[in-house]
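Engineer: These are the residues of each chain, in order.
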Amino acid sequence: MHQSVKRKKIVAFIYRWGLTLMVAGIILVPLYWIFISSVTPKGSLFKTPINYFPRNMTVKNYVDLFENVGIAQMTFNTLFITFFSLLVSVILGGAAAYAFARFEVFKSVSWSFKLLLFSALIPPIVTARPLYDFMKSVHLVDTYFGLIILYSSSLLPFSVLILHNFVKQIPLSLEEAAQVDGAGFIRILFTIYFPLMRPAIATISIINFIQCLNEFFTPLFFSYKIKVLSVGITLIPRQSNFEVPWDLISSMGWLIILPIVIFVLIFEKNIMEGITAGGVKQ
Amino acid sequence: MKALLVKPPKKFLIAWLLILPVLIVRGFTIIYPIIMTFINSFFDINMFKGGVAKFVGLKNYIDIFSDSKVISSLHFTITFTVVSMIFHVVLGILLALLLNMKFKGKKLLRTITLIPWAMPMIVTGLAAQWAFNDDYGFVNDLIRRIFPYFHFDWLTHPESARIAVILVDLWKDVPFFAILVLASLQFIPEEIYESAKIDGAGVIKSFFSITLPLIMRTILTLCIFFTMWRIVSYDIVYAMTTGGPGDSTSLLAYRIAIEAFTNLNIGYSSAIAVCLFIVMIIISSLSFLAIRKHD
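Same order as they appear, the protein sequences are chains C and R. The first sequence lines up with residues 1 to 282 when you count with UniProt numbering. The second sequence lines up with residues 1 to 295 when you count with UniProt numbering.
No wet-lab data here; the hints were simulated from the structure. Where hints are given, some of them may not hold.
[To be verified] Examples of chain C residues toward chain R, derived with CB under 7 Å:
id : residue
1  : G25
2  : I27
3  : L92
4  : S240
5  : V244
6  : G253
Positions of the beta carbon are idealized from the N, C-alpha and C atoms, including for glycine.
Whenever a hint applies, use it, and build me the whole structure from the sequences.
Structural biologist: Below, the structure written as structure tokens:
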């Protein structure tokens, strides 16, 4: 009896760790392959079989990225647009979330909320062409301002939804006390609600940050001169359709992936909270 | 609400003052363009022919049915969505069950699982393009470790290119699906399993009679969103195959973008876009009805 229990435990142990290693392998080994490709000298990169433990590593590809591809400017553009998009989506989204949560007695307000959530289901490809013509007519194509507006717009529905759910949990009594003290709604919003919303703001900003880094469709069609990282990696020159400049793509890919991996390691808990709050609960 | 001391008309004004910026931004970037797409779909607008709009009624819509490129895109979009979703559900649930087990490596595994979701699809797709290369790719290299003489160029054959696109889609999004399923698994109290165990139910039986019914609603809801995302996928084929070989992997969203931005056939691309949108609305409302019935 005792022995069979022990055996069962060992089987369970092997089974769990075996599966864990398999899943981890499927996810991490390709990333490792991208990494070793990026530090393999070009001469030995286009060789078969792949050497998974290259002896003479090189950072030449990375130097190339800074000198010839202009990755520093792309990184700046990406972070600049991301930063302001997060700011705009938090401020506008937070204010709207407060109004949607507290003034839903008004039919027009609650209907606007539904319209906002519905608009999130409209895929960008359906709106792309007229939006492009509109942005062009107001001279916002290929401007930071235009990109920030478009990025923020795509962040807003999710941000408003999460913040709205959060505001609903804040007791009204706090606000009433402030009103008795004669505080106006702007002061109430900025001195009571925004500080209280901090954890929710952190969560959505972390997720929105990843969203902005991954954004591809918008910068691809709405900017030419202002290049962000996700579009930049597709612009590395190629000899032909079938040749991939894998030396530069692997190193640039890894430069994009690494901060994201670190970011996920640090904020795992917040990310879990955020995506499950937005994804499952309705 | 009564407790608020501000007078109703003023309250109404404040509410609108606060939501107006969001509505203006969304209005100009989403609502206005989708109305324009709808209107444009009834006109013949081709930038190569000067871009003068000419009303043609339903002609663009009728043309869709005889356009072999759109039909082949539609065909692949359906295959891609259905096959990918089946594997999403099966593999996603299995992975979620693994993530839900209580053992030491659990937290690390969850973190690893988040990585594919957080990566840009464009980087994944470009890496995949090279990974499926015949001579230097990572996939064939692994296969050659077992079958030394294996040679196959995945992305130059229509069927294998399609399989490759679906595999990459699964690599990127099944972990995300699993994490969302995991969230609902965590709501199931431990005691239910304990009592099932006492009643003599095995692991498989307790999964089908306890777990699955309890997470069914979540899975259906997830399926709606994941299906929508598959139907409008764009980045993956842009990066991996640019729709090829031929047009064998050009998903509908990719086809629309080509018509709208490369062929500059704006009226026609709008008609395809409207069809795509209507299909999405039909699928999502049917699914939501199904969920309501399930409840």
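Engineer: Taking the hints in turn, state whether each one holds.
Structural biologist: The hints, checked one at a time:
no.	hint	result
1	G25	violated, 10 Å
2	I27	holds, 5 Å
3	L92	holds, 5 Å
4	S240	violated, 12 Å
5	V244	holds, 5 Å
6	G253	holds, 5 Å
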